[in-house]
Amino acid sequence: MTDPKIPVTEDELHAYVDNELPAERRGDVEAWLAAHPDEAERVQSWRAMAEALHARYDSVLDEAVPKRLEIERLVRQPRRWVYGAIAATLAAFVAGGGVGWIARGVAAAPSTFQSFTLDALDAHRLYVVEVRHPVEVPGSERDHLQQWLTKRCGWDVRAPELAGLKLVGGRLLPGPSGPASFLMYESTSGERFTVYTAKAETEATQMRYSLQGGDGALFWADRGVAYVVSGGSDRRRLTQVAQAVYDQMEKSGG
Amino acid sequence: MIPALRRYARALTRDADIADDLVQDTLVRALRSERLFLGGDVRSWLYTILTNLNKNRRRSLARRPPLMPLLDNNADASGTEGEGRDIARALSTLVEEQRSVLLLVMLEGMSYREVADIQGVPIGTVMSRLARARAHVRASLDGERPALRRVK
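Line by line, the protein sequences give chains A and B. Residue 6 is where the first sequence starts when you use my numbering, and the numbers rise one by one after that. Residue 92 is where the second sequence starts when you use my numbering, and the numbers rise one by one after that.
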């Protein structure tokens with residue numbers, strides 16, 4: 006094999022070093038290199054280059070991965086949630102990277118956000134204080150409640166299952182542009198949350214937070230339906246609940 | 092996976108903080124669009140995101156002059172340095188696409204096919220970029236070569 010018939014190309018030399026060359030051609034290339042010391046030296050320099058790269062950068066592999074890159078940390082923000090909602094909360098988390106968040110859809114016009122949120126908070130305040138008649142249909146009749154609200158509202162109304170919260174029930178309300186569904190949940194300690202949904206002009210928006218008179222509300226829109234989750238002033242807690250609602254609406258609607 | 096991504100990002104950007112920012116953005120973006128991922132190789136996909144994010148980052152830095160695309164412009168060589176620094180310096184003289192190809196093949200051990208997918212170009216383009224990158228780095232490392240000026 007000292008005189009290979011087929012000339013070796015530049016591409017083949019690279020492919021040879023990178024183990025991309027078909028096995029049957031390797032012998033030819035090696036023989037050709039043996040006869041061309043300059044080229045062999047060049048190929049050798051590429052190997053040295055690879056070694057230098059590894060010598061310089063492989064130490065990164067042994068470094069402890071910074072906390073902010075731990076996948077568990079990043080996963081804790083559920084994906085779809087991360088995608089569209091609480092952009093503001095996450096902004097600080099990601100801003101360092103210089104890659105702007107592209108919010109899902111355009112932000113709703115302030116009026117939409119404001120009117121829905123105000124309506125929802127009004128309903129929230131009006132009914133959460135009710136002890137005997139907070140709802141029209143009790144949570145024990147969940148199926149009936151969902152069917153009824155779906156029929157009246159015109160979109161698929163689902164009462165999400167929320168960990169640690171019991172469905173008190175729901176009612177139909179007049180909304181900014183047609184009927185609105187109103188669901189109430191309660192924790193064992195008597196904390197109440199309401200989920201208000203109504204038809205929205207906007208297809209999808211990011212999440213907006215609003216705090217009024219000690220009641221907090223998180224608003225977002227998705228697939229033409231606006232959601233407002235209202236609760237107390239504990240924003241973190243409210244966000245948890247809203248996140249659970251969001252995730253389940255995603256699942257049911259997907 | 093993450094350590095290797097960090098290594099690639101570090102070599103690509105030559106800045107530990109920028110590199111980790113890139114990796115973080117890559118992971119966040121990957122998680123966010125997981126549903127858009129329709130099978131294939133996760134590793135290649137992550138490298139693709141990172142490569143693209145870095146391209147965007149560099150575009151946003153375009154006001155800065157490009158990092159010495161030609162050796163002759165390498166006027167800031169500041170004396171003798173260890174081999175590690177030399178290879179880093181040599182990398183910095185490459186244009187972005189060539190640096191990326193070089194690192195993906197030589198450091199990350201990717202196949203030409205994978206690199207072609209990551210860069211969204213034909214394999215032939217990957218090979219010519221690789222050849223040019225190697226020639227360039229070799230010239231940069233080899234200060235003795237008469238064709239090159241070593242600025243002291």
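No wet-lab data here; the hints were simulated from the structure. Fair warning: there could be bad hints in the mix.
Derived list of chain A stretches under chain B, where covered just means 3 residues or more per stretch with a C-beta under 8 Å from a C-beta of chain B [unchecked claim]:
{"no.": "1", "region": "43-53"}
{"no.": "2", "region": "57-64"}
{"no.": "3", "region": "192-205"}
Which chain B residues face chain A? A few, computed with CB under 7 Å, are given here [to be verified]:
{"no.": "4", "residue": "Q115"}
{"no.": "5", "residue": "V133"}
{"no.": "6", "residue": "W136"}
{"no.": "7", "residue": "I214"}
{"no.": "8", "residue": "R229"}
Calculated from the model, a selection of chain A residues having no Cβ within reach of chain B, i.e. all distances over 10 Å [said to hold, decoys possible]:
{"no.": "9", "residue": "A36"}
{"no.": "10", "residue": "P143"}
{"no.": "11", "residue": "L178"}
{"no.": "12", "residue": "S182"}
{"no.": "13", "residue": "R228"}
The beta carbon of each residue, even a glycine, is placed where N, CA and C say it ideally should be.
For each hint, the structure was consulted:
Residues of the region 43-53 of chain A with a Cβ under 8 Å from some Cβ of chain B number 3, which satisfies the need for three, so the listed coverage holds. Residues of the region 57-64 of chain A with a Cβ under 8 Å from some Cβ of chain B number 7, which satisfies the need for three, so the listed coverage holds. Check result for the region 192-205 of chain A against chain B: violated, 0 residues qualifying (beta carbon to beta carbon below 8 Å, three or more required). For Q115(B), the interface hint holds, the least distance from its beta-carbon to any beta-carbon of chain A being 6 Å, beneath 7 Å.
Taking 7 Å as the C-beta cut-off, the interface hint given for V133(B) is violated, the closest approach to chain A being about 12 Å. For W136(B), the interface hint is violated, the least distance from its beta-carbon to any beta-carbon of chain A being 15 Å, above 7 Å. At its closest, the beta carbon of I214(B) sits 9 Å from a beta carbon of chain A; the interface hint therefore is violated under the 7 Å criterion. A cut of 7 Å between beta carbons decides the hint on R229(B): the least distance to chain A is about 5 Å, and the hint holds.
Consistency note on A36(A): stated as away from chain B, and its beta-carbon is indeed over 10 Å from all of that chain's, at 22 Å minimum. The beta carbon of P143(A) sits about 36 Å from the closest Cβ of chain B, which is more than 10 Å, so the claim that it is off the interface holds. Under the 10 Å C-beta cut-off, the non-interface status given to L178(A) relative to chain B holds; the minimum distance is some 33 Å. For S182(A), the requirement that its beta carbon stay farther than 10 Å from each beta carbon of chain B is met, with the minimum near 30 Å.
The claim that R228(A) lies off the interface holds: its Cβ sits roughly 15 Å from the closest Cβ of chain B, which is beyond the 10 Å cut-off.
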